[in-house]
Amino acid sequence: MNHWPFIIAAYALTILGTVGVTWWSYAGMRRSERDADALRRER
Amino acid sequence: MHVFANPARFLKIARPLTPWLGWGGAALIGLALYAGLFLAPADYLQKESVRIMYVHVPAAWLGMGGWTGIAIASLMQLVWRHPLAGIAARSIAVPGALFTAICLVTGSLWGRPTWGTYWEWDGRMTSMLVLLFLYIAYIALADADRERGGEGRVTAIFGLVGAINIPVIHYSVLWWNTLHQGQSISFVRGTSTIDGSMLWPLLVGALGFSLLFGAIVLMRMRAALAEQKVEARLRRMAASPGTGQLA
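Here the protein sequences come in this chain order: S and B. Just so it is clear: in the first sequence, position 8 is 8 by our numbering, and no numbers are missing. Add 1000 to a position in the second sequence, counting from 1, and you land on the number used in our numbering.
Simulated from the structure, these hints should not be mistaken for laboratory data. All values reported here derive from a predicted model rather than from experimental measurement. Glycine residues also receive a C-beta, built at the ideal position from the N, C-alpha and C atoms. Do not take every clue at face value.
Where chain S lies over chain B, by a calculated footprint (3+ residues, C-beta under 8 Å) [claimed, not checked]:
1) 1026-1040
2) 1049-1063
3) 1091-1098
Based on the provided sequences and hints, a complete structural model is requested.
In structure tokens, the structure reads:
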């Protein structure tokens, strides 16, 4: 049995999942902190 | 620990720390994955499929470590009522669930060429699946509690009680006769049955994924704190017409 398709699938899934959750968390942080700053400046 | 419970003091540390953890973790992960794919030797028994270990094992450690973090933060929230403890626990839940899911799927992909099956209802795999369900239930409970404006005490109790599954996962390979291999590394005794040429990419990867996990948790905590600030400010503006645009 060729092991490489299983290895590539495991690495691809790990990289996609890790990059996805990192980007989601980063975008959420930027948006929330921007909203908080904008509201503070409005006052 | 009490020193960092102040949100302003926490943000002062978290803001410069986030990029260091994030980029440092990404660099170590890149090195570990490259070494795992191209530098580390194949195993004499498992052949090339052993390379899945370099993503599977760090994901398993983070899944279990994540819930341990939730339990510690939940205890701090219940006992000392630290304002940041509940936020920290909720911020760990999503990345913890993700790495638990990665552990299960990569383990399944490793199992097919090694054991001849994607899944077996043995102690280690079943208890890890239970951990994923616990994470999903925790996220749903925390979201529901937040929408109702609760203090998160029920969520914290759930986080604490769910920690009973962590020693079950850890000792499952000793308690039950399973397909899953036994413990290869003991941090308590400082011993390993893995050869050095295969061990170093695993440890570098585990450190890299842990640093990135820390950065993700800090980013989610910063987002939660900023959202709280916005909600509090909007409430104050609504309560005192004439000072805000919402009036």
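Tested hints:
Requiring three or more residues with a Cβ within less than 8 Å of a Cβ of chain S, the coverage given for the stretch 1026-1040 of chain B holds, as 3 such residues are present. Coverage of the stretch 1049-1063 of chain B by chain S holds in this model, with 6 residues showing a Cβ closer than 8 Å to a Cβ of that chain against a need of three. Closer than 8 Å: that is the beta-carbon criterion, and the stretch 1091-1098 of chain B has 3 residues meeting it against chain S, so the requirement of 3 holds.
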